[in-house]
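With the hints as your guide, set chain B onto chain A.
2 protein chains.
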Amino acid sequence: MTPELKQTSEQIISTELIIKKAVEVICGKWRLIIIHLLREKTLRYGEIKRGVPGISEKVLVHELKQLVELGMVDKQSFGEVPPRVEYSLNEKGRTVLPVIDLLREVGQAFI
Amino acid sequence: MTPELKQTSEQIISTELIIKKAVEVICGKWRLIIIHLLREKTLRYGEIKRGVPGISEKVLVHELKQLVELGMVDKQSFGEVPPRVEYSLNEKGRTVLPVIDLLREVGQAFI
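Going down the list, the protein sequences come from chains A and B.
For the first sequence, the working numbering assigns the number 15 to the initial residue and increments by one for each residue that follows.
For the second sequence, the working numbering assigns the number 15 to the initial residue and increments by one for each residue that follows.
Bound conformation, chain A alone (with noise of 0.2 Å):
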């Protein structure tokens, strides 16, 4: 393989890397469905759930906590009672918001 060849197999392999890891950021049934949603603010559990119609308690939990282990959703519990817990998209979290806007564009034309 010559070096300019190689050079280019390479690139090409790091965007492929760099693709499948978005793919895994972004993917899922509802991930983006919940992210679009605390765009705007902080929520608690319920008003999530209230928000995603048609996802279940367990799926939920999960996929929450999937975004705080992925960095980026917030979560914080107070020490009440009723015992109150709420979720935040933090500046990490915030960089996938192109990539919804993006695809509300570019969603239309597969309906």
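Hints in this document: simulated from the structure, not taken from any laboratory.
Predicted model, so just to flag it, every value in this text is computed and none were measured.
You can't tell identical chains apart in this list, so a pair holds if it fits in one copy or across any two.
Mimicking DSSO-like on lysine-lysine, the simulated pairs with C-alpha atoms at most 27 Å apart in a straight line are: (1) K79 x K43; (2) K35 x K106; (3) K35 x K79; (4) K55 x K79; (5) K35 x K72; (6) K34 x K55; (7) K79 x K89; (8) K55 x K89; (9) K72 x K43; (10) K43 x K106; (11) K106 x K55; (12) K79 x K34; (13) K106 x K34.
Only chain B this time, still in chain A's reference frame:
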């Protein structure tokens, strides 16, 4: 429900549907990788296979079929021996290219 609240709710549902459709279109482990490969030029089946290392024959055939069914890729078969089949990204398929470019930027933060 007041008319104002109803309207907001309808807007959210509509946005949700569009995002869901877009997610359906772009998601999948290989979907964007194949589209990215076809962005520069028409490719034969074998060229796509070599450009997406790690994909199985079965999955690639299925993916290409889906891209054709979604109206994003055109398939052309030439009556030659050996048979020649070429795939090209059409206008509808090209609407997804800005998403790939944006994901390449956004994906960096998650590597």
